[in-house]
Amino acid sequence: MPIQMQEQVVHDRVNLGRLVKSLEGLVAGEEWQSTTQEPGRQTWIKVQAALHKVQYARKLLHNVEFNTLESSSTPTGRFDGVRSSLDRLEAVFQDVDKVLSPVTLVCMSAQCHIIQRVASKRFRPEPLLPTLPVPEPPTPRATLPLLDVDAAAPETLLSPGVPSAALSTHDLLLSPSDTAPDSAFLHSGPSNDSIAIPPSGRTSSSPLAPASTGAILQNSRAIQEELSEQLAQMATQLKRNALHFSNSLENDKAVVEEAQVKLERNYDVMTKERIRLRDHHAKSWGTTWITLLSILVVVIGFLLSFFVIRIT
Numbered sequence: 001m002p003i004q005m006q007e008q009v010v011h012d013r014v015n016l017g018r019l020v021k022s023l024e025g026l027v028a029g030e031e032w033q034s035t036t037q038e039p040g041r042q043t044w045i046k047v048q049a050a051l052h053k054v055q056y057a058r059k060l061l062h063n064v065e066f067n068t069l070e071s072s073s074t075p076t077g078r079f080d081g082v083r084s085s086l087d088r089l090e091a092v093f094q095d096v097d098k099v100l101s102p103v104t105l106v107c108m109s110a111q112c113h114i115i116q117r118v119a120s121k122r123f124r125p126e127p128l129l130p131t132l133p134v135p136e137p138p139t140p141r142a143t144l145p146l147l148d149v150d151a152a153a154p155e156t157l158l159s160p161g162v163p164s165a166a167l168s169t170h171d172l173l174l175s176p177s178d179t180a181p182d183s184a185f186l187h188s189g190p191s192n193d194s195i196a197i198p199p200s201g202r203t204s205s206s207p208l209a210p211a212s213t214g215a216i217l218q219n220s221r222a223i224q225e226e227l228s229e230q231l232a233q234m235a236t237q238l239k240r241n242a243l244h245f246s247n248s249l250e251n252d253k254a255v256v257e258e259a260q261v262k263l264e265r266n267y268d269v270m271t272k273e274r275i276r277l278r279d280h281h282a283k284s285w286g287t288t289w290i291t292l293l294s295i296l297v298v299v300i301g302f303l304l305s306f307f308v309i310r311i312t
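Using full-length UniProt numbering, you'd call the opening residue of the sequence shown number 1 and step up by one each time.
Worth double-checking, as some hints may not be accurate.
What the hints assert, rightly or not - Pairs of lysine to aspartate or glutamate, EDC-like flavour, derived with a Cα cap of 16 Å:
{"id": "1", "residue 1": "Lys53", "residue 2": "Glu90"}
{"id": "2", "residue 1": "Lys46", "residue 2": "Glu90"}
{"id": "3", "residue 1": "Lys46", "residue 2": "Glu24"}
{"id": "4", "residue 1": "Lys59", "residue 2": "Asp95"}
{"id": "5", "residue 1": "Lys53", "residue 2": "Asp87"}
{"id": "6", "residue 1": "Lys21", "residue 2": "Glu90"}
{"id": "7", "residue 1": "Lys53", "residue 2": "Asp12"}
{"id": "8", "residue 1": "Lys59", "residue 2": "Asp80"}
{"id": "9", "residue 1": "Lys53", "residue 2": "Glu24"}
{"id": "10", "residue 1": "Lys53", "residue 2": "Asp97"}
{"id": "11", "residue 1": "Lys59", "residue 2": "Asp12"}
{"id": "12", "residue 1": "Lys21", "residue 2": "Asp87"}
{"id": "13", "residue 1": "Lys59", "residue 2": "Asp87"}
{"id": "14", "residue 1": "Lys46", "residue 2": "Asp97"}
{"id": "15", "residue 1": "Lys46", "residue 2": "Asp95"}
Please keep in mind that the hints were generated in silico from the structure rather than gathered at the bench.
None of the values given here were measured: they were computed from a predicted structure.
Whenever a hint applies, use it, and build me the whole structure from the sequences.
This is the structure:
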């Protein structure tokens, strides 16, 4: 068995013991006994969680039994005790679940009959979305047209004929007899509060138009001056950067030229040395062959003189 499998078996065994002890303490606790006497939603949720824990404990028990089947050191009575404890705990939780699970009723002719008890696994809380009311769409509100101060000319802002220009589309749809009272009514002065709101807003904004345009022009002029100063600073900085780069390029050019001169000088020296070594190589091979031939001639002469002396 590999080491990882052994470690997993040890972890499963420890978790199984702790899980069984926690379930036994949950059943034997006074809080559990008091909550089972008064059925409720929280108690049913606790019962479902306990049943899931029992299923997980059975899975751990199966893994431990399967991995320690061939081991003779593990006693089988220990697993039997754990299995019996799990059976007893599961029976207790199932009894409580039967008490707490909801019951379906069918009412016919003023008499209710119990059809069946809903399984705890299929029970779901009632959705809240169908019970919520449908939201009503927001009612559109009448909004006054906004006048763009930047795009409009000062003459347009100061002219008294703005209300008539704003209502020109409405006047086009009416007859001349209908438009005359309306225009007279607008110029004479409003009597109703609902009708007096648009003219009062425009007449109150007309004295403030020169001040607002002056402030806008002053702000735009200040922004332009600030932008021009920033552009001048950027130009000077770019000029300094160009000068710095030109100086650095000149220095680099001088260094490259010096390196080129040194490389050319080394190339000339290496070429001369190569030619000298070639000549020396040819001369050395010539002297070598001459030496070998002289040695060979001496040996041949010695042998001839030896044979001549020996024969005579």
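For each hint, the structure was consulted:
Of the pairs offered as hints, the one joining lysine 53 and glutamate 90 holds, with about 10 Å between alpha carbons and a cut-off of 16 Å not exceeded. Restraint check for lysine 46 and glutamate 90: the C-alpha separation of about 13 Å stays at or below 16 Å, so the hint holds. At most 16 Å may separate the alpha-carbon atoms for a hinted pair to count; lysine 46 and glutamate 24 meet this at roughly 14 Å. Distance hint between lysine 59 and aspartate 95 is unfulfilled; the C-alpha atoms sit about 22 Å from each other, more than 16 Å.
Straight-line distance between C-alpha atoms of lysine 53 and aspartate 87 comes to about 13 Å, which keeps the hinted pair within the 16 Å bound. Annotation: proposed proximity of lysine 21 to glutamate 90 holds, straight-line Cα distance about 14 Å (limit 16 Å). Taken as a hint, the lysine 53 and aspartate 12 pair is honoured in the structure, with Cα atoms around 14 Å apart against an allowance of 16 Å. Taking the CA atoms of lysine 59 and aspartate 80, the gap is about 15 Å. The hint holds against a cut of 16 Å.
For the hint linking lysine 53 to glutamate 24, the alpha-carbon distance of about 12 Å falls within 16 Å, and the restraint holds. A hinted pair counts as satisfied when its Cα atoms are at most 16 Å apart, and lysine 53 with aspartate 97 qualifies at roughly 14 Å. Between the alpha carbons of lysine 59 and aspartate 12 the distance comes to roughly 9 Å, so the proposed pair stays at or under 16 Å and holds. Between lysine 21 and aspartate 87 the CA atoms are separated by roughly 14 Å; this keeps the pair inside 16 Å, and the hint holds.
With a C-alpha separation of about 13 Å, the suggested pair lysine 59 and aspartate 87 falls inside the 16 Å cut-off, and the hint holds. Taken as a hint, the lysine 46 and aspartate 97 pair is honoured in the structure, with Cα atoms around 10 Å apart against an allowance of 16 Å. Of the pairs offered as hints, the one joining lysine 46 and aspartate 95 holds, with about 13 Å between alpha carbons and a cut-off of 16 Å not exceeded.
Hint 4 alone, counting from the list given before, is not met by this structure.
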